[in-house]
Each structure stands twice: as C-alpha cells, then as structure tokens.
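Asks: Letter by letter, the chains look like this.
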Amino acid sequence: MATLNSALQIITGALTADQAALNITANNTANASTPGYTREIPIWESNDPVTINGISYGQGVQVVQAQSQRSLVLNANIEQQQQAQQATNSEWTALQGVEGIFNQVTSSTSGSSPGSLGDMVTSFFNSVSALENDPDDTPTRDGVLSAATSLAQTFNSDASQLQAQTSSLNEQVGGIVEQINPLLNSIAQLNQQISSTSPNADAGQLEDQRQQDIQQLSQYIGINTVSTENNGLTITTTSGALLVSEGQAYQLTTGNVNGNVDVFTSAPGNVADITTAQASGGGQLAGLLTTRDQDIPSAMNSIDTLAYNLATQVNAVQTAGSDQNGNPGVALFNIPGTVAGSAAGISVAITDPSQIAAAGAGLGPGDNSNAAVMANLQNQSIVGGQTATNYYASFISSLGSQVSGLDTQNTAQQASLTQLQTQQSALSSVSLNDEASNLQTYEQAYQSAAQFFNVLNTVMTSALNLGVETAVE
Amino acid sequence: MRIDPNFVQGLVGAVDQAQANEQTYTNEISTGVSVNSLSDNPVAAAQDYLLRSEISVNDSFVQSASTMESQMQVTDTALAGVVTQLNSAISLATEGNNGTLNASDVQSISTQLSGILDEVVSLANSSYQGQYLFGGSQTQTPPFSLNTGTTPATVNYTGDSDVLYSTTPSGQQIQVNLPGNQVFGSGTTGVIAALSQMVSDFSTGVPSSTSVEDAANLTTALQTVSQQRVVLDNGLNRLQSNSTYTQSETTQLQVAQNAEIQADPSTVATELSQAETQNTSLLDMIASLDAQPTLFSMLH
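In order, the protein sequence lines correspond to chains G and C.
When the count follows the working numbering, it moves up by one through the first sequence with no breaks and lands on 473 for the last residue.
When the count follows the working numbering, it moves up by one through the second sequence with no breaks and lands on 300 for the last residue.
If you're looking for bench data, these hints aren't it; they were derived computationally from the structure.
Please note that a few of the clues may not be correct.
Derived contacts from chain G toward chain C, CB cut-off under 8 Å, selection only [what the hints assert, rightly or not]:
1) Ile101
2) Val105
3) Thr122
4) Ala130
5) Ala267
6) Thr351
7) Gln355
8) Ala359
9) Asn368
10) Ala375
11) Ser404
None of these values were measured; they are calculated from a predicted model.
By construction, the Cβ of each residue, glycine as well, lies at the ideal position given by its N, Cα and C atoms.
Given these sequences and hints, build the entire structure.
Replies: See the structure below:
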C-alpha cells in the first residue's frame with residue numbers, strides 16, 4: 001500500500017529535480033555569450049516504480065544528467081570545412097599581394113600606361129622601333145638605353161617584391177606555429193581533465209573548451225581527430241604527424257630550409273619536415289605554404305623566363321650588329337646563365353648609347369637593319385612559344401584567374417561553413433527565449449511541488465493528530 | 001525546429017558584404033573603370049594590356065614615322081633642287097652645243113655648269129639633323145667629294161649602297177632612303193660625273209667632240225634622278241598613309257579598350273543604389289531585432 005511517506009519522498013525528489021533543472025537553466029543563461037558554450041538540457045528520468053500488492057506505484061522523478069546538446073558529426077564537418085575554407089582564404093589573401101605587384105590595369109580610359117612590367121617590355125621595343133627610324137640619332141639611342149634600364153629595373157623590382165611576399169609569408173608561417181602550440185598544450189591538458197573527471201560520459205563544459213580549441217586549431221592547420229578510450233582525443237595532422245595523444249602534446253617547430261621557414265613535428269621517433277605535406281593539408285598554414293612554395297615560385301618563374309628569353313634574344317641580335325662607332329655589338333643586358341634568378345639578376349650591360357648595335361655587321365651608323373631585327377623580336381615567339389607581350393598577357397590573365405577562382409571558392413566555402421555553423425548554433429547555442437520559457441516551466445513545477453509538499457504536510461499532521469488539531473502542528 | 005538564436009551575427013556579415021559592394025561601385029563610378037584589379041576580370045585585364053601595348057606601338061610608330069617623313073621630305077626637297085639644277089645644266093649644255101656661241105660664251109657656260117656641279121654636290125651632301133641623307137649607312141661623313149685635280153674633276157663616293165627600310169606596325173617594309181651612288185652615281189658614271197664632263201667639255205671655249213653625247217648623258221642622268229625620286233616619294237606616300245591608317249586604327253583600339261574596361265555609369269549607378277538599399281534595410285532590420293524584447297523581459 002502506498003504511504004504518505006512515499007508521497008513526501010516523491011515530492012521531495014521533485015523539488016530536488018526542479019532545482020537541478022533551474023540550476024541548468026541558470027547556467028545556460030549565464031553562458032549565453034560564452035564562445036563555444038554548448039547549451040545543456042536536464043535529462044529527466046522517472047524513478048523505477050514499486051509494485052505493492054500487484055499495484056505499480058510511480059516513485060517520482062530525478063534529473064540524472066545535464067546533457068550538452070552537441071553533434072559530433074556537425075562538429076567534425078565544421079572542422080573540415082573550416083580547414084578547407086581557411087586554406088583557400090589565406091591563399092587568396094596572400095595571392096592578392098602577388099596580384100598587387102602586377103595589378104597595373106589602365107587606370108583611366110585615356111589609355112595612359114600604368115607602368116607594369118608588360119608596359120616596360122612594350123616601351124623597350126617601342127624605343128628600338130624609334131631607333132630603327134632614326135638609327136644615328138643620339139637622343140633616340142639614349143631612349144633605348146633608358147627604356148632598357150627601366151625594363152631591367154622593373155624586372156628587379158617585381159622580383160624583389162615577390163621575394164618580399166615570400167619573406168612575409170615565412171613570418172606568417174612562424175606566427176601560425178606559435179598560435180598552434182599553445183592550443184596543442186591546452187587540448188592535451190583538457191584531455192587529461194576529461195579522462196579523469198568524465199571518462200565515460202560527455203564532459204560538458206570541458207568538452208566545450210576542447211572543441212573550441214580544436215576549432216581554432218582547424219583554422220590554422222589541417223588535422224584529423226580520433227576518439228580514444230576514457231573520452232580522450234588523438235590529434236594528427238592530415239599528413240599523419242602526431243600532435244596530441246591523450247595528455248601529451250607534441251609541439252611543432254620551425255626551421256630554416258633553403259631560406260624558407262619549414263614546419264617540423266616533434267613526436268618521438270617521427271621528427272619530420274611536414275611542410276610539403278601540409279601545403280595540401282588545410283588551414284591557414286596550407287594556404288600560406290601553397291602560396292609561398294607553389295604560387296610565388298610559379299610567378300617568379302614566369303618573369304624569370306620572360307627576362308631570360310628577352311635578354312638572351314636581344315643580346316643575340318645586339319652582338320650580331322655593329323654599333324655607332326662601327327665596332328661589333330656587345331651584349332645589351334647582363335643576364336644570369338640560367339632562367340632561375342634572371343628577373344632579379346638582369347641589368348643593362350652598357351652605359352654608352354653609341355654601343356647600341358643598330359646597324360648590320362660592318363655597316364655604317366646610319367644603317368638600321370639590326371635595329372629592325374631587334375624591333376621585330378616584339379612580333380616573334382621568343383618566350384615559351386609566344387611573343388613577349390602575349391606571354392605577359394597570359395601570365396597576368398592566369399594570375400588574375402587564379403585569384404578570382406580562389407575568391408569564388410572562398411565565398412562558396414564560407415557560405416557552406418556559415419550554413420554548418422548556423423546548424424550547429426541552432427542545436428547548441430543558448431536561446432534566451434528558451435531559457436525564459438524553461439524558467440517559467442520549472443518555476444511552476446517547483447511551486448506546484450512545494451504546494452504539494454505543504455498539503456501533504458497538512459495531511460500528515462492530520463494523520464498524526466488523528467483529528468486533534470492542536471497536538472502537532 | 002530550433003532556429004539559430006544568434007542569426008543577427010550572420011546578418012552583420014551581410015552588412016559587411018553590402019558595404020564592400022558599395023565601396024566597389026563607388027570606386028567604379030569615380031574612376032570610370034570597372035576592372036580595377038586583374039582578378040576583377042582576368043580576361044579583360046589581359047586584353048586591356050594587349051590593347052594598351054598595341055596602342056603604344058602605334059603611337060610610337062606614328063611619332064617616329066613623323067620624324068622619318070620630315071627626313072624624307074628634306075631628301076625630296078634636295079632632289080627637287082638637283083632636278084632644277086640639272087634642267088638648267090641641260091639648257092646650258094644645249095646652248096653650248098648649238099655652235100653659235102663664241103669662245104668666251106662657251107667658257108661662261110662652263111663656269112655656270114661648274115657652279116651647278118658644286119650646287120649638285122652640295123645637295124648630294126645634304127644632311128638632316130646632322131646626318132647625311134645620301135650616304136647609305138654612312139651618315140656621319142659627307143658622302144660625295146669632288147677631286148678637282150683631274151680633268152674632268154672626278155667624283156668620289158664614300159657612302160655605301162645600304163638601303164634603309166622602316167617597318168610599319170603591320171609589318172610592311174617601306175624604303176626610306178636613297179643611297180647616293182644610286183642617285184648621283186660615283187666615279188665616272190652618274191649625274192655628277194656627267195656634269196663634271198660637261199664642265200670640262202666647255203672649259204676651253206670650244207665644245208669638245210663628245211660634248212653632244214655628254215649632254216645626252218646628262219639627260220639620262222636626270223632621268224635616273226627623277227626615277228629615284230619617284231621611289232622616295234612612293235615610300236613617303238606609303239609611310240604617310242600607313243601613319244594615317246595607324247592613327248585611325250589606334251582610335252578603334254581605344255574604343256575596344258574602353259569597351260573592355262570602362263564602367264557603364266547607368267549600370268553601376270543602379271547597382272550602387274541597390275547595394276545602398278540593401279545596406280540600409282539590413283541595418284534597419286538589425287536595429288529593430290535588437291530592440292525586440294526577449295521573453296525574459298516579459299516575465300513578472
């Protein structure tokens with residue numbers, strides 16, 4: 001038979017459970033603005049019923065858990081999308097710097113020349129064309145020398161700006177490694193705490209913090225996470241290098257390799273240069289490394305090729321002719337022996353305008369046949385199977401397309417990431433309206449239980465006094 | 001279904017985007033150009049460069065063609081002078097050969113012819129901006145000199161036979177000079193030698209036995225000069241018409257360039273207006289959302 005005592009126990013349990021629920025609501029409300037906080041909901045569970053004389057009596061309720069509302073699948077998706085988006089975004093940002101070097105689009109519709117490398121190539125050939133029409137004129141010869149100097153200086157300047165971009169990226173790589181290491185430590189510590197406090201269940205806010213750290217880590221570097229026993233996590237780079245194993249963090253280090261900052265792992269027995277592997281691994285590091293190790297060298301190679309072929313061809317024509325004094329022509333440009341380093345190394349070899357070999361071999365200073373051959377180089381496929389101007393146009397078009405493509409990709413990835421974050425936020429963020437509604441519900445439940453307790457108390461008093469009102473109050 | 005309680009933060013991203021658009025469109029309107037970086041329109045940017053390069057090649061050609069035209073005009077003027085002088089010489093030779101003149105008159109003709117000879121040699125040594133026009137590639141020294149130590153005086157040509165061509169942007173080669181030996185001859189042939197021979201023919205006061213034949217040679221020499229002048233004038237005409245054509249082509253290229261990169265003001269203004277409206281609406285919406293009370297503020 002059910003007793004008044006058991007009713008009192010049931011309602012006491014209800015008061016405790018309502019308090020727990022109010023506590024959870026208070027905590028949610030308090031953390032409404034905490035980054036990475038996952039809202040918790042009380043898990044109510046009916047106590048096991050008791051069967052007396054064949055009748056099953058319910059035994060009230062208890063709150064068995066404050067359950068964080070998280071989706072591991074969504075979190076993993078966000079991490080991956082964040083790695084991809086950050087890689088694209090950082091490559092896009094870095095490549096915009098490269099684009100800026102070659103960005104000279106006609107600034108107004110008056111057709112004025114903005115002075116890009118390509119414009120300097122055109123100017124040089126224009127000056128040679130002018131020489132073709134006036135081969136024995138010293139100011140015209142000065143014009144060729146001056147255009148050649150401007151061309152060489154623009155090659156030098158563009159090469160040095162590309163080099164400066166590389167240096168800046170090296171600094172950024174170092175900076176990112178410095179951001180990564182504290183996160184690895186933090187995750188390792190949280191792994192330990194979680195393993196000791198909550199080895200078999202969701203660790204609530206400790207897991208929130210760990211997840212927040214992992215999401216930050218995903219911004220910087222491509223990672224894989226594997227759950228281990230005792231609610232631990234093992235984190236490796238996408239290339240498999242160990243970063244965190246349960247309570248142990250393996251810091252990344254940087255080192256100078258061929259003038260660039262490379263990234264190394266420090267996991268025992270597996271110390272390795274992961275730079276190349278991480279260039280396709282995701283996170284900002286991937287974007288920076290791709291720009292530094294692929295995009296910039298490719299741009300540098302393009303202008304090196306242009307410088308080398310142009311200078312070599314001009315020199316070949318120059319040395320085949322005669323200068324203003326009737327002497328055999330000497331090289332107009334100093335150029336390294338290989339394509340690599342040509343843009344940085346090109347310079348004008350002569351200082352005397354009379355040394356420009358406008359005339360054919362053995363002909364007088366009024367001959368223009370060699371200048372005509374040199375001017376005609378502009379129309380010949382002398383660089384990678386294309387004319388110099390077409391080669392430059394292809395180069396800037398391809399660079400522009402790459403930046404534009406990354407922009408589009410970045411926008412799409414950002415939209416996808418935002419969608420995932422919205423889904424996560426819909427599931428896990430604190431809604432103050434929800435909490436206010438819960439507060440009302442739990443308050444009413446608590447008040448009802450309290451009132452019930454009061455009534456039971458009266459009933460119990462009546463039962464104890466057997467109808468005598470004053471004996472026990 | 002639960003909605004994202006923080007969706008206002010997402011709206012702020014949209015405001016940023018709308019403001020970035022406003023900035024882009026404002027920039028396009030102020031510069032008049034829709035392609036402000038390579039990635040705005042990579043194909044148009046590359047095309048812009050190629051067109052700019054072509055325009056610059058054309059401009060440069062028009063400019064240097066103008067210098068060349070001046071030089072050719074000076075050459076033509078010199079040749080016109082030579083033709084005038086030769087016509088006078090032929091008249092004088094005819095007069096000297098008609099057999100009616102006394103010795104003194106014949107000698108006088110010889111003296112006049114000698115003056116013409118000097119004038120023609122001087123014209124053959126014409127220069128433009130310090131460069132001798134009829135020396136072939138040897139433009140720094142006078143190409144013709146007269147050796148008066150012999151009779152008749154012989155002509156010495158120190159230039160060469162180098163023919164110079166100007167290349168147009170379309171690749172045409174136009175002859176722009178006349179090597180002196182082709183116009184005036186050298187040694188014992190050509191205009192100067194013929195003139196020199198005539199001077200000698202009449203120098204004694206009695207026309208020499210070959211004076212009639214020599215006068216005919218002078219006429220032939222004049223024809224050679226005139227033929228060469230035609231070559232030069234043809235070149236000058238072709239250069240001028242190429243220059244004119246190149247100028248008109250440049251105008252077309254500029255039109256094409258504008259079409260590639262110019263911003264269409266009405267389109268951009270419409271886009272700007274839309275971006276502004278979007279920005280304002282978003283800001284209004286966010287402001288009104290923020291002003292909305294939560295359920296907490298309703299609880300008593």
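Asks: So, for every hint listed, does it hold in this structure?
Replies: Structure-based check of each hint:
1. Ile101: Cβ of G/Ile101 sits 10 Å from chain C, so the hint is violated.
2. Val105: holds, 5 Å
3. Thr122: G/Thr122 check passes; min Cβ-Cβ to chain C is 4 Å, inside 8 Å.
4. Ala130: holds, 4 Å
5. Ala267: Hint on G/Ala267: violated, closest Cβ of chain C at ~38 Å, above 8 Å.
6. Thr351: Where the cut-off is 8 Å and the nearest Cβ of chain C is about 21 Å from G/Thr351, the hint is violated.
7. Gln355: violated, 16 Å
8. Ala359: Check passed: Cβ of G/Ala359 comes within 6 Å of chain C, closer than 8 Å.
9. Asn368: Hint on G/Asn368: holds, closest Cβ of chain C at ~5 Å, below 8 Å.
10. Ala375: holds, 7 Å
11. Ser404: holds, 4 Å
Hints 1, 5, 6, 7 from the earlier list are contradicted by this structure; the remaining hints agree with it.
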